[in-house]
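All chains, full assembly: derive it from the sequences and hints.
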Amino acid sequence: MSDRVKWIDAAKGIGIILVVMSHAPIHDSIKNFLFAFHMPMFFYLSGIVYKTSSLPTSTFILKKARGLLLPYFIFSFITYIVWFFVTRHFPFTSGDQVDPIVPFSGIFISTPVDYQLTYNPAIWFLTCLFVVEVLFYLYQRLSKGRWLPILLIGCGFIGYLSSIIISSNVLPWSILVALTAIVFYGLGYATKHLWKSYSWRSVLIVGAALYAITFIAQGLNTERIDMRGNIYGEIWYFYIGATAGLIATILLAHKLARFHYLVYLGQYSIVILLLHFPALNLMKASVYYGLNMEMAETTTLPWTLFYTVSTLLLMVPCIIFLKKYPFLLGKKKPKKSQRTVKPA
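For the sequence shown, the positions run 172 to 515 when the numbering used here is used.
Source of the hints: derived by calculation from the structure; they are not laboratory data.
You may find that some hints are simply not true.
20 Å max Cα-Cα, derived SDA-like pairs, lysine to any residue [to be verified]:
id : residue 1 : residue 2
1  : 495       : 484
2  : 502       : 435
3  : 235       : 221
4  : 202       : 469
5  : 426       : 370
6  : 202       : 472
7  : 315       : 228
8  : 202       : 503
9  : 502       : 238
10 : 202       : 395
11 : 363       : 308
12 : 235       : 312
13 : 202       : 380
14 : 504       : 233
15 : 222       : 484
16 : 503       : 230
17 : 503       : 238
18 : 202       : 471
19 : 494       : 241
20 : 494       : 431
21 : 222       : 362
22 : 504       : 484
23 : 234       : 504
24 : 222       : 358
25 : 235       : 500
26 : 502       : 321
27 : 494       : 504
28 : 202       : 465
29 : 504       : 492
30 : 504       : 237
31 : 235       : 346
32 : 502       : 491
33 : 222       : 233
34 : 235       : 497
35 : 235       : 498
36 : 234       : 497
37 : 222       : 365
38 : 502       : 233
39 : 363       : 321
40 : 363       : 374
Okay, here's the thing in structure tokens:
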């Protein structure tokens, strides 16, 4: 079980690094490639760790609300305050053009429409995952685990149809996006027993081929994938690219699970998800004001890596602080009598 957890955490670690990288100044081709699979992979990994629950519906919903909605609202208010007083005034953001009431209302609606999440764009994932987990739990309770392919095909079709007809993520808490996200979540749940480690040779060959498929599929797609906005382009290119990319990353994660810092990042990926956007804006400000450089001048790979690494380093003290106050993340503090597993 410990090996399984390590590779899942390693996959989350890789994923959250790619999330931070994709939000930094970056070349469009790399950004498009990363957007094609990194969020589908997080929903897939969430499905892997889902366990069939016998809890009453109200108890299950309260449990998920504590773990997902409580940190969502706490850090929405915190990052909104940072945005209001600091980051919205940076000239490389659109903050001064936004009525502060709009993103404040976005805290409760949690959709990216009309700058509602401009204070912290990545935080949408928590409300969407809450919707996905509740829907999947209700499916399990009502069907006893049967007809999963029908559920996934149906949700995938309706979710994709919504992206064509409505063409925006307009419903509260990303309900439309949840229809597509549940496809990857359900696949993760259904295929978790299939994963195992392969040789480095196999991983490198197969992984490179799969990443190439993702890159080609995204290149053929007419849209840049953006799950947050419910934008997928052509359905076949979207699902092929997303599936190939997440498989390649998970194969790689099995081999990289021995790297303790990567596992550490995966264990606390929620902290990075919640706080990396304000931190990234601070790093941009240091370059803009300190070196007098426009953001468009820093989209080369070395600069992208600089933003990514420096932002992740800023996350370490945040992680250390939140480990002392886990209730802010909706978690209980371990009892002193219990042995805790420290990240190596």
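Hint consistency between residue 222 and residue 233 [alpha-carbon to alpha-carbon, up to 20 Å]
holds, 16 Å
query: Taking only the CA atoms, is the gap from residue 426 to residue 370 under or equal to 20 Å?
result: holds, 8 Å
Taking 20 Å as the top limit, are the C-alpha atoms of residue 494 and residue 504 close enough? Within the cut-off at roughly 8 Å; holds.
Notebook entry, point to check: Are the Cα atoms of residue 494 and residue 241 separated by 20 Å or less?
Noted result: holds, 16 Å
Check whether the Cα positions of residue 222 and residue 362 lie no farther apart than 20 Å. holds, 13 Å
Exercise for review: Would you check the hint for residue 502 and residue 238, treating anything up to 20 Å between C-alpha atoms as holding?
Suggested key: Holds, at about 7 Å.
- Message: Between the alpha carbons of residue 202 and residue 503, is the straight-line distance 20 Å or under?
- Response: violated, 36 Å
Q. Within 20 Å, alpha carbon to alpha carbon, are residue 504 and residue 233?
A. Distance ~18 Å between residue 504 and residue 233 Cα, so the pair holds.
query: Taken at face value, is the distance from the CA of residue 238 to the CA of residue 503 at most 20 Å?
result: holds, 10 Å
With a cut-off of 20 Å on the C-alpha distance, tell me whether residue 502 and residue 233 pass. holds, 13 Å
Exercise for the section: Would you mind confirming whether the straight-line C-alpha gap from residue 503 to residue 230 stays at or under 20 Å? Expected result: Measuring from Cα to Cα gives roughly 16 Å; hence the hint holds.
**OP:** Would you check the hint for residue 235 and residue 312, treating anything up to 20 Å between C-alpha atoms as holding?
**Re:** Holds. Residue 235 to residue 312 sits at ~16 Å (cutoff 20 Å).
Violated hints, listed in ascending order, are 8, 15, 22, 26; each of the other numbered hints is respected by the structure.
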